[in-house]
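Take the sequences, apply the hints, and build the full model.
Chains A and B, in that order, give the protein sequences.
My numbering puts the first residue of the first sequence at 914, with every later residue one more than the last.
My numbering puts the first residue of the second sequence at 914, with every later residue one more than the last.
Be a bit skeptical, because a hint or two may be false.
Copies of one chain are not kept apart here, so a pair can be met inside one copy or by any two copies together.
Said to hold, decoys possible - As a list, the in silico BS3-like pairs of lysine-lysine whose alpha-carbon atoms are at most 27 angstroms apart:
| no. | residue 1 | residue 2 |
| --- | --- | --- |
| 1 | Lys976 | Lys956 |
| 2 | Lys1307 | Lys1317 |
| 3 | Lys1385 | Lys1328 |
| 4 | Lys1303 | Lys1317 |
What the hints contain is simulated information worked out from the structure, not anything from laboratory work.
Residues per chain are reported as follows:
Number of protein chains: 2
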Amino acid sequence: MTFEIKERDAAGRLCKFTTTHGIVTTPNLLPVINPNKMIIPPKEMKKRFNSEILITNSYILYKDEILRKQALEQGVHKLLDFSGSIMTDSGTFQSYIYGDIKLDPLEIVQFQRDIGSDIGTILDIFGTPGQTKEEAQRGVKETITRAKKSVPEKGEMLLACTVQGSVYPDLREYCAQQLSKLDADFYPIGGVVPLMENQRYPDLVRCILAAKRGLDPSKPVHLFGAGHPLIFPLAVALGCDFFDSSAYAKYANDGRMIFQWGTEKFDELTELPCCCPVCSKYTYSELRKLNAKERTLQLALHNLYVSFAEIKIIRTAITGGWLWELVEQRASANPSLCDALRILREPEHLNWLENYEPTSKKTAMFYTSPQTIHRPTIYRYHTRLFTRYKPVLKTTVVFPEGTKPYSMFYSREIKQILDKKNVNFVVNSHLGPVPFELDEMYPLAQSVFPDEIDQETREKVQQVTDRFLRNKTVIYWDDFTKIKEDKSQKQNVDLDMRRISAVADMQFGRGASEALLNGAITIIKSRRTGKIRNILCDGSHVISMRAKDGLFTLKLDGGRRLHRDLKYPLLRVVITEDAVPFVKEGKSVFVKFVKDCDPDLRPFDECLIVNEKDMLLAVGRTLLNRDEMLMFRHGMAVKTRASIK
Amino acid sequence: MTFEIKERDAAGRLCKFTTTHGIVTTPNLLPVINPNKMIIPPKEMKKRFNSEILITNSYILYKDEILRKQALEQGVHKLLDFSGSIMTDSGTFQSYIYGDIKLDPLEIVQFQRDIGSDIGTILDIFGTPGQTKEEAQRGVKETITRAKKSVPEKGEMLLACTVQGSVYPDLREYCAQQLSKLDADFYPIGGVVPLMENQRYPDLVRCILAAKRGLDPSKPVHLFGAGHPLIFPLAVALGCDFFDSSAYAKYANDGRMIFQWGTEKFDELTELPCCCPVCSKYTYSELRKLNAKERTLQLALHNLYVSFAEIKIIRTAITGGWLWELVEQRASANPSLCDALRILREPEHLNWLENYEPTSKKTAMFYTSPQTIHRPTIYRYHTRLFTRYKPVLKTTVVFPEGTKPYSMFYSREIKQILDKKNVNFVVNSHLGPVPFELDEMYPLAQSVFPDEIDQETREKVQQVTDRFLRNKTVIYWDDFTKIKEDKSQKQNVDLDMRRISAVADMQFGRGASEALLNGAITIIKSRRTGKIRNILCDGSHVISMRAKDGLFTLKLDGGRRLHRDLKYPLLRVVITEDAVPFVKEGKSVFVKFVKDCDPDLRPFDECLIVNEKDMLLAVGRTLLNRDEMLMFRHGMAVKTRASIK
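Next comes the structure, spelled out in structure tokens:
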């Protein structure tokens, strides 16, 4: 089994997951196949939806004598006539629905192994939301025991160990931690169907976050029983990789059509508000006239078309860097999802999410709701403003929101003021205070907000601004006359130098600007745009500013300076000795060669690649954070930019 | 030509529009056909998208000698090989793009008529957003002059007179009023393409609202040049009926794909985030490998599938009563659309929108954004609370938000309090103060809000609550001990009577409760639910409460009482004498028989049907508001419920 991150956004990831039956791209949806009643045959799934993986229930096969025999003789792939990957469930859900089903927890794992399932599931104990903590605890304990006993039985099969713990986050996290210690391959989050059925999305989010906190980040996570696309974007943003849909068939049997915004009863519609092949082929009345069986099939197909489309939209959003935008848009369709989003503002969750949030994205940040200001990217910016940014002077002139970049928009005013006195400049922007030095940095220039934002956002931003301006002499731009000429303060101000220092500290941490810029500085600007491009210190090229996100690319000489002045483990990715020759040749760093890493490095951060003796080998750009580098077994950890020969 | 409302929501409407070439359902999208370069032939449009109407450019036909001859000989339907309705544009847009095009304004109208266009367009003067008011004024004057001269030339053809006026709402409204006085059939809103291209959606909304205020509400309105689905839901909610898409082809030629949330460049995608027949048939790499011409065709098809799907979603939302929810969801994808929504909060616009807003809907109201609280339905509720609701007592006990219906949720507390003292009860709800008597009335019980709402909504609601509680003795429920026993105030309180009176006044206006309930009251409740069903006054059935929306259905005896006590024109729909016999037979009232109507009646209100001498003939339910009843020529105005034999 391999599982590696190819693209990422929020805490979501687009991965390649390999089983013996092929490559599966995540996030993905596993259609549930009932071996007794295949509305859509697996082969058709492959043809129509390009299904790479599906799920069937081993308990149904096991308890039916004929099916059991067939499955054992032919294997589950032949039985279902499907050449892609097959996951099997264990009967846990059946025991939740029908009560005790008398099934040996080890036998069912062995059975799954013996029928050639790619991913088999332990017979865990379904924890219901109504359980007391003690009941839930007993279930978790038994689940862990069964998982431990199941691991030695898995053979060639990948083993899925389901995280339980009812609605108790500490139990969920504990269960996840214990299961992560085992030699398992796949982690479903179980016991969540009742939460989804009752639209208890805030509780669902707490369950997912608690499980994710406890889980090995290098393993695929499956939100068990989640088949309605309404929840897909948020669940992916929190780090879920797989969903399974029995909903497509269940809803179709029930005459219900799944849409991105919810569910509609076929009988209550008057036309088909969709462009999937089913809704494009038939008019409403044609579909209505089909016989019941054929109509159910068409509704099931529609349900899967819509569900898979949402998966593809999510993948596109991950690749494009607009997953949070998608999450907020979709949440607006459902008040309980709005409540669920609010959970993410709690510091504990925001801190966790910030760890996984890329430092830069391909597309601008769009305001989509009162939740936008609480995105991890903005939380990070606000945090770094207080821990990394150092204002140069006491007096600060504050401008109102304007056109970006602000320093260009207000360039005349800046000149007028600097003629009188040397001051700091800050814009009271929609996403917080923006010192002019930082106004080209992601996401400050790369953000699109409405002209008028909601009051909740305004007040959140005002709090940050008030804190930022505390103990400073503040002059609001409408009080321009208040700025008195001060000869002693009138000095040659190099705004470029201020910008370079400030961005370096924000990006690399305090002390980085001194390390990088301690010497005679030459600034090379773009002829066309006039923007800063390359910065040379004592004649050597230390950093370059990227036009796209206003952040620095670290050059080898810059790396040398940071390495000298910033103490271990700052900015370091430590690699094992056997990888040193490859990195020296300029090859990128794969996770299995990572020994350690600065916990403050985030995905897409510039970094120093060092050996175990902290000798600088190269500079590069991370693809993963520390936890991921240490836990993943496949894929790239750092893209090497330049190495010391 | 007939144009009649079949379904409605917000100020949007689902209509049947008839030309000599068939019935067209609105809202609808007219694909633009370039007669020189048909990427998708009109016949294919019909087959794939069930296109009922399309638009082509008469100027292109006119200026090309061969095409002109063919068009005149064969007619435009044969020329395009399309049997549905065809609208023609006049060359206005070409004159905007290419400057003066030397075209006689009357000749082009005659030409359109002569080639058999179903809807021809005058050669209006394109007003650009950059114009001064004087320039715009000159354009409007000339447009009106040309329209006047064009009308006598139209023959059998329907004539579209385009509303201009640049970004000046007063000019737009004036132009619309003047054009509405003419014998024209169709009203495009023109000159808006530059606003859409620059995403100036707030300006676009002001233009649409100003035009709609000035226009005859019984005529179809076309947002000229609007082809991106992003703007469809909002434009429909404001009363636009038609859009036209040249975007499908233009974007395809440019390698761009239209999505509901915006536009993506094909080259920048890695998969196809969509389930339309094109995106379901091809994988991204297969589509990429097609030759340029074939790929452009497929992208154009995709663009139309997505655009028509949005139209169908909008129609479904109108029928289902969730158009505002859709508008807010879609607006969340675009900051400029968020700004545009804010415009709707201005009292002028809110008053206009309230006029068209149905009094009840099929589905519950969902909170979707900070805009929700400003929807016309809630605005109406707040307004009526101050003008129609009369609290019975001075002392008011205020409860926090709870489960609906509140009077059931707080029934124990109510009983405890009433044992001590007789008071009013109010819930400080997410959508404003809710007196217990009103808690089953739409939209109070039929609303779904998050547990925690945004601060902007909270403060708006707090303002209303503060005003509502002003000059009252208020006791908050957490201060229960403050309620002192008061024997003088302890009396038999009939909560049902309070409810019936209060809802009657809110629904029919002040004085209605006295009119309806002046006598011995018998309340018949549902055995199953215990809810109020029928109310008898002095033994005769006056009103029934609907379980679905908590509003009253008016019975004939109730109608008699309201008619006696509420002065003309309150609640009246006046019909002409020739319709009297039909209504007496129980037939519904068609618009052409409506003589006048209470301006306070709203769509789906209960009403009194009277003759010109204000003699009561029947009771019924309106489908239209006053302006619509007086202006429409086709369709139903009032559904008669019971008539006096």
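### Query
Broken hints, numbered, in rising order?
none
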